[in-house]
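Those protein sequence lines, which keep their order, are chains A and B. The numbering of the first sequence is my numbering, which starts it at 2 and goes up by one. The numbering of the second sequence is my numbering, which starts it at 2 and goes up by one.
Because the hints were derived from the structure by calculation, they are not lab data. Where a beta carbon is used, it is the ideal one built from N, C-alpha and C, also for glycine. Be careful, since some hints might not be right.
Coverage of chain B stretches by chain A, computed from C-beta distances (three or more under 8 Å per stretch; other residues unrestricted) [claimed, not checked]:
hint, region
1, 319-333
2, 368-375
3, 458-470
For each label pair, taking beta carbons as the anchor points, the in silico distance ranges come out as [as the list claims (entries may be wrong)]:
hint, chain 1, residue 1, chain 2, residue 2, range
4, A, G74, B, G77, 46 to 56 Å
5, B, Y437, A, Q276, 43 to 53 Å
6, B, P470, A, R217, 49 to 59 Å
7, B, Q298, A, K97, 28 to 38 Å
8, B, G94, A, E275, 27 to 37 Å
Over 10 Å on every C-beta distance to chain B, these chain A residues come out as not near it, computed from the model [claimed, not checked]:
hint, residue
9, T26
10, E45
11, D46
12, G53
13, L125
14, T192
15, P293
16, F296
17, V337
18, A345
19, S398
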Amino acid sequence: MRTRTLQAWLLLGLTGLGHHAASATEPCVHIHGGTVFDGERLIEDADVLIRGRVIVEVGAVKGSCATVIDADGGVITPGLVEGWTKLGLVEIGAVKKSVDTDHSAPLVGASYAKEVRASVDAALAFNARSTLLPIARTGGITSAVAAPSGGTISGTGLFADLVTGPRSDALVAERALMVADVRGREASRATAFHTLKVALEEARLRAKRAAADGPRGPWLTSAVDANALADVTSGRMPLVVRVDRAADIEALLSVAKGLRLVIVGAAEGWLVREQLAAADVAVIVNPLTNAPSSFDSLHARADNAALLASAGVRVILTTGSSHSARKLRQVAGNAVRAGMSYPAALRAITATPAEVFGGKERRGVLKAGAVANVAVWSADPLEMSTTLQHVLIGGKSLPLVSRQTELLKRYRRLPAGAFVPPPAATMHEGGDKEAPAAPEGPDPG
Amino acid sequence: MRRFAISCGYLSLVLALVSGCASTPTDAANAEKSTAGEAADLTALEATGLAAIEARPADPGATFVLHDARIMTANGAVHDPGWVAVADGLIVGVGGGEPPSDMGGQRLAMTDKVITPGIVDTHSHLGVYPSPSIEATRDGNEATQPNTAGVWAEHSFWPQDPGIERAVRGGVTTIQVLPGSANLIGGRGVVLTMRPTRGARAMRFRGAPETLKMACGENPKRVYGRRKRSPSTRMGNVRGHRDAFLSAQKWLSKQGDKSTEDVERDLANESLAGLMQGRVLAQVHCYRADDMLTFLQLAKEFGFRVRSFHHAVEAYKIRDVLAAYDVSVSTWADWWGFKHEAYDAIVETAALVSEAGGRAVIHSDSAEGIQRLNQEAAKAMAAGRSAGIAVTDDEGLRWITANAAWTLGIDAYVGTLEVGKRADIVVWNGDPFSVYTSAERVYIDGQLIVDGGTNAPPWSDFEAGQEVPR
Numbered sequence: 002m003r004t005r006t007l008q009a010w011l012l013l014g015l016t017g018l019g020h021h022a023a024s025a026t027e028p029c030v031h032i033h034g035g036t037v038f039d040g041e042r043l044i045e046d047a048d049v050l051i052r053g054r055v056i057v058e059v060g061a062v063k064g065s066c067a068t069v070i071d072a073d074g075g076v077i078t079p080g081l082v083e084g085w086t087k088l089g090l091v092e093i094g095a096v097k098k099s100v101d102t103d104h105s106a107p108l109v110g111a112s113y114a115k116e117v118r119a120s121v122d123a124a125l126a127f128n129a130r131s132t133l134l135p136i137a138r139t140g141g142i143t144s145a146v147a148a149p150s151g152g153t154i155s156g157t158g159l160f161a162d163l164v165t166g167p168r169s170d171a172l173v174a175e176r177a178l179m180v181a182d183v184r185g186r187e188a189s190r191a192t193a194f195h196t197l198k199v200a201l202e203e204a205r206l207r208a209k210r211a212a213a214d215g216p217r218g219p220w221l222t223s224a225v226d227a228n229a230l231a232d233v234t235s236g237r238m239p240l241v242v243r244v245d246r247a248a249d250i251e252a253l254l255s256v257a258k259g260l261r262l263v264i265v266g267a268a269e270g271w272l273v274r275e276q277l278a279a280a281d282v283a284v285i286v287n288p289l290t291n292a293p294s295s296f297d298s299l300h301a302r303a304d305n306a307a308l309l310a311s312a313g314v315r316v317i318l319t320t321g322s323s324h325s326a327r328k329l330r331q332v333a334g335n336a337v338r339a340g341m342s343y344p345a346a347l348r349a350i351t352a353t354p355a356e357v358f359g360g361k362e363r364r365g366v367l368k369a370g371a372v373a374n375v376a377v378w379s380a381d382p383l384e385m386s387t388t389l390q391h392v393l394i395g396g397k398s399l400p401l402v403s404r405q406t407e408l409l410k411r412y413r414r415l416p417a418g419a420f421v422p423p424p425a426a427t428m429h430e431g432g433d434k435e436a437p438a439a440p441e442g443p444d445p446g
Numbered sequence: 002m003r004r005f006a007i008s009c010g011y012l013s014l015v016l017a018l019v020s021g022c023a024s025t026p027t028d029a030a031n032a033e034k035s036t037a038g039e040a041a042d043l044t045a046l047e048a049t050g051l052a053a054i055e056a057r058p059a060d061p062g063a064t065f066v067l068h069d070a071r072i073m074t075a076n077g078a079v080h081d082p083g084w085v086a087v088a089d090g091l092i093v094g095v096g097g098g099e100p101p102s103d104m105g106g107q108r109l110a111m112t113d114k115v116i117t118p119g120i121v122d123t124h125s126h127l128g129v130y131p132s133p134s135i136e137a138t139r140d141g142n143e144a145t146q147p148n149t150a151g152v153w154a155e156h157s158f159w160p161q162d163p164g165i166e167r168a169v170r171g172g173v174t175t176i177q178v179l180p181g182s183a184n185l186i187g188g189r190g191v192v193l194t195m196r197p198t199r200g201a202r203a204m205r206f207r208g209a210p211e212t213l214k215m216a217c218g219e220n221p222k223r224v225y226g227r228r229k230r231s232p233s234t235r236m237g238n239v240r241g242h243r244d245a246f247l248s249a250q251k252w253l254s255k256q257g258d259k260s261t262e263d264v265e266r267d268l269a270n271e272s273l274a275g276l277m278q279g280r281v282l283a284q285v286h287c288y289r290a291d292d293m294l295t296f297l298q299l300a301k302e303f304g305f306r307v308r309s310f311h312h313a314v315e316a317y318k319i320r321d322v323l324a325a326y327d328v329s330v331s332t333w334a335d336w337w338g339f340k341h342e343a344y345d346a347i348v349e350t351a352a353l354v355s356e357a358g359g360r361a362v363i364h365s366d367s368a369e370g371i372q373r374l375n376q377e378a379a380k381a382m383a384a385g386r387s388a389g390i391a392v393t394d395d396e397g398l399r400w401i402t403a404n405a406a407w408t409l410g411i412d413a414y415v416g417t418l419e420v421g422k423r424a425d426i427v428v429w430n431g432d433p434f435s436v437y438t439s440a441e442r443v444y445i446d447g448q449l450i451v452d453g454g455t456n457a458p459p460w461s462d463f464e465a466g467q468e469v470p471r
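Just chain A, with the same shape it has in the complex:
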């Protein structure tokens, strides 16, 4: 099963190469002299050659390019891929009008419609000029899934390169995944499974009816939602389901049989890892989830990702955060600390999420034909003392600046004469801290 997936993926990769074949006239970038992680393994003392927007060669590269980036003995990885965020859909968490993740059902007022929003497309709300994108880039992240939330079926998410500017430059795949949620709720979770089953079943029946003289309504699922779900039932689009409890994962495996199922959360995934591996279900986990923070995750443990990976499950690691997406490498480092193999952890933040969500072109690998999303690090990218040196998206080097680096620049030196030192009486006992030098410049008083 896994081999087949890999072959299919390789073919798609070749198609992508044909599409964007590198031509000798396109600008070339030579990243020189680092340890390369190509998406599977580490290659010491290697180079990466990029022409246009794709990688053309990895290894001992000869020849010369106009642009040479010296990796200086550091580590060259594919740009990191965050598999579960709201990037581009949120600016400030608590400012409601800047948050576009919970897409209420637009068309019908019925309670069923509140639960089933399959036709709502997060890509329409995606803002590639969000300040979060450059900040995520400073964590070496070049691509991400952005997913909606709410209801039992939340709508479709997208896969984007984190390029600031027009949406079309960033969006790699609109309608890249269908999101659903069957976690514990006020109504029974059986209700959630029921809603999911009905919607999927009606999508199938409607498709049949359209094709021939299939069953007729009335339907619970609106025509637009059923049409949207047809991509899921046909196996074109992955169904990504938020679920944590092992028992719920077991139920889901039966409800979603035959679909391209991806599970996100999976705090208790390790308990059902054999079944997940057998069903070839990719699992998105946060390796920092190690506490019984709800009754859905009583058996959460730090080595969840490690156990899943060694059982052969395709693992994607996530921070589960948008503002803190740059923590992805720290999160992966913690997965290694908890027992995941180093290449497996790197794959889980590069090749695997790109393979599951990234559409036709190859991303998340440093191999000939793949899109040149690259991060160059001073040393081991999972180590916190390591700094990001360069980041490239589609072969273009992007400056490591963000709203935060601009703020640092403003306040690296404080404005002179800004305040009057306090009288000694306001100090703590033993107030032996030296008062700063008398302020210069105009008296602020």
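Position chain B against the provided structure of chain A, taking the given hints into account.
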């Protein structure tokens, strides 16, 4: 060393509370009598509220020497290799090379290990917002009126929170548990030693001063504004704070001449009076630079000092002021953007505060983050260094040890590896600032409470009987 001297200024008031913490009801009564007839002694009143039913576990102090390790003292010195000697729960020797032959007790070679002081977290909601997070256990915000200075986090604290064990396994030995920030004055915090007992009282850190949680900015005005109550604006916040202090001043002046037993008890005003008398440390939730300046103005008006601004993501903008006023900055390494007042956070804050001569602290405010404060400090160090700010490993370590201990007024007892301090010690299996490193042994008061992996039964009753086969 100068910082040590500062904390000694607190010792006199700390000592009053030491007796309070350890006291029996009779002791408390005696303390009260001794002041009868003189001016009201609020400390004695406090002691009645602090009388203990459950005694702290009395452990015979082990005597041992950890040696052949890298010793990071958080006091400037790094000994590699070096040793730490412990007797009766206290550190009795620290040094480089081989321990002197007259150091008694068991010798434990910690080859390739790194030894640091136990981590102190200045901002935790463990026990008051425990796992599992359900309505039944959410006891952190008494969000029924904006001034609840009379509530104590200790009275919400659930010692069976599974997060406690996880935090200790991350090297945390002391925490300050705070009420939430829904209220202008949220109530008393409590400083706890991370050795769970059946009730919270016996976990109280011996000798820690009382603390009071206050909040400025978005949270109080949002919570009450939505209910069409004051405060609904920042100016409403400040009016609420000033009104509370005015009322406390009034109450205090009325009680001043009374004998202690005639004092008209008032829990909220006792907390605020404690603040104005310098017995209680102000722990203030505040994000924006201008909000912090406004709050310092308020503190000046009512004659109290701010011990620490918590979260303080814009502290970098006023780091000179905060250093001059000697207010510590309890912040995160990289949290930002979850609300408007957190929009200007940058990752260099701790390093910039240090560079300006201030006291930076990395806090968690999170049951997840508290398990990896060493990593959070490492990130903040790396951010500072890559911005060209010199930060030593020792300074980075102080962000989660010595500076945090100062913030809680307990730096005379913990926070560094120095002779005379309590033996709260972490043995790491590598560089504590590496993502791959774990705390292998954790000692509190010289007692080994974490020893290696996680095969032991869970500490929490909640997790007992929930185990499933791997």
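So, against the hints stated earlier in the document, which numbers end up violated here? Violated hints: 4, 5, 8, 15, 16, 17; rest satisfied.
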